[in-house]
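Asker: Residue numbers (this note's numbering), protein chains in the order written: chain A, 5 to 318; chain B, 5 to 213.
Simulated from the structure, these hints should not be mistaken for laboratory data.
Since the structure is predicted, the reported quantities are computational estimates derived from the model, not experimental observations.
For each residue, glycine too, the CB sits at the ideal point set by N, CA and C.
The hints are all genuine.
With a Cα cut of at most 16 Å, we get these calculated EDC-like pairs of lysine to aspartate or glutamate:
no., chain 1, residue 1, chain 2, residue 2
1, A, 111, A, 166
2, B, 188, B, 154
3, A, 85, A, 72
4, A, 262, A, 232
5, B, 59, A, 259
6, B, 40, A, 234
7, B, 59, A, 253
8, B, 135, B, 171
9, A, 85, A, 61
10, B, 135, B, 97
11, A, 262, B, 48
12, A, 217, A, 185
13, B, 173, B, 128
14, B, 40, A, 253
15, B, 135, B, 165
16, B, 40, A, 242
17, A, 217, A, 282
Below, a sample of chain B positions facing chain A; criterion: calculated Cβ distance under 8 Å:
no., residue
18, 35
19, 39
20, 40
21, 41
22, 44
23, 46
24, 48
25, 49
26, 51
27, 52
28, 53
29, 56
Covered stretches of chain A (in silico footprint by chain B; criterion: 3 or more residues with CB under 8 Å from a CB of chain B, positions within the stretch not fixed):
no., segment
30, 232-245
31, 249-255
32, 258-266
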Amino acid sequence: MAREKRPDDPRRFLDPAVLSRVGRLDLRARQVVEGYLTGLHASPFFGHSVEFVQHREYTPGDDIRHLDWKVWSKSDRFYIKQYEAETNLRSTLLVDCSASMSYGDAKWNKREYACTAAACLAHLLIGQQDSVGMMAHDADMRQVVPAQSSARHLEVILGALESARPGNATNILALLRRAAENIPQRGLVVLFSDLLVDRPALFQGLKMLRQRKHDVLVFHVLDAEEIDFDFRGTTRFEGMEAPDQLLCDPQALRDAYKEVVNEYLTEVRRGCTKIGADYLLCRTDDPLDTVLNKYLTFRSDPRAARARSGSGQG
Amino acid sequence: MESLFSLFLHPVAAIIGGLLASLPIIIHLIRRTQYKRQPWAAMEFLLAAQRRMRKRMVLEEWILLALRVLLVLLVAFLLSRWLGSGASGVGGDHIVILDDSISMADARDERGTRKTAFDNATAEAVRLARKLGATRGIHNLRFFLLSSMDEPVLEGKAGEDLARQAEEKLSRLRPSFLGLDPTKGIDASVEKWAAGGEDKIPATGSFTF
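Bound conformation, chain A alone (with noise of 0.2 Å):
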């Protein structure tokens, strides 16, 4: 539902009724993240800045200057101090453009919205100086980015995220995986995806991600008539990604629908949590601000995050 906004509010454009109308993926950006108000965040790396994190025990080649003398005298031991410290991200946003990616209205569909919140992201990310790549799939990789944090490699992504076209079904495992091999660095995934693949796959690549010491971020877009099943009469049913077809009452069907979808929405969340992936599920008529607020949720609390990096590698 549209939220009342007055005319000038720059918020208003966090509303997808309000978006759709904004053709061009760049001005959307643009006008999302301004009228956001941006965070900083905490880098995922260990390095030697203002606040402190833990301790370490020494090992010989440690720079003695970061050794802790307190805890020396006390222990008799040496430990290193460990910092939080402010560096660059480096982030790679992951964006299915499926088949099933272009459900929903020609203006304003899955796609669109996780192009849209991918590219809200790059905005925010790029303006903090740190580095963004992007990989757009379908069954293979479409688009592929690497990761700069030039103001100019902003428009490299939007260009494509703009030319990524709705392809074949979905391969998620072989995507995570080559993923997984081609982000030289730690850093973020961020993974929008409507989630309609095979779930054991599914985990086996978020896994392979955290294995590889990466934060996933995993934004599960979901049209709300794929939530709510809200359709009336005779319809017959035709797959976007497979040939299956079903002709049916969907009235009959509802709620038989609504409660395998929450089954589904459920496992897919616990995977994810247990994997040690953050998940949120977005429909298509959410407000963008709950994806830039889930990522700076994610990217304000270090020791969620640090909770986070000692889960799900095993």
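For chain A, the structure is supplied; the task is to place chain B on it using the hints.
Answerer: Chain B alone, transformed into the frame defined by chain A:
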């Protein structure tokens, strides 16, 4: 089939109604050929939901279809009875035969008055005229004496007027001294019924009471 339709006062309406009962089935089949197409991404969930609900949906569809058919049949049956007894007037002609044989002169005391069997028969005939007048539709009554089946003693539309006339006229009649065969009267009335198209032959007389 013939005996089935003889149950209705208007069998044509029953036949038409029976045919109309097939309409829900035809509509059901037509609706299955008229549908909208919807591209759908989450077919996995839809097929899973359909697998869960298949038995229940089929059962519900059959029950719904059966109820619709039964409803139309019920309306048709009710209409066929109502039309028959009302607008058409078919089946509303009755012949009443009063047995005036000598045996009907047999008298006995009833509540202090002495009444013959013929008195009882005429009283019953009057009650019949009044009763038919109170029922729905047009009922024509003809009263005959068993001894003279050529001409009716009285005829007219059932109702209070005819009942009063019958009360007045029939009460003046007395049983004859003849020994009469009731079957001849029935045969004669069947002939009249066959000639006149009446479909109902009620008779009063010593063989009825």
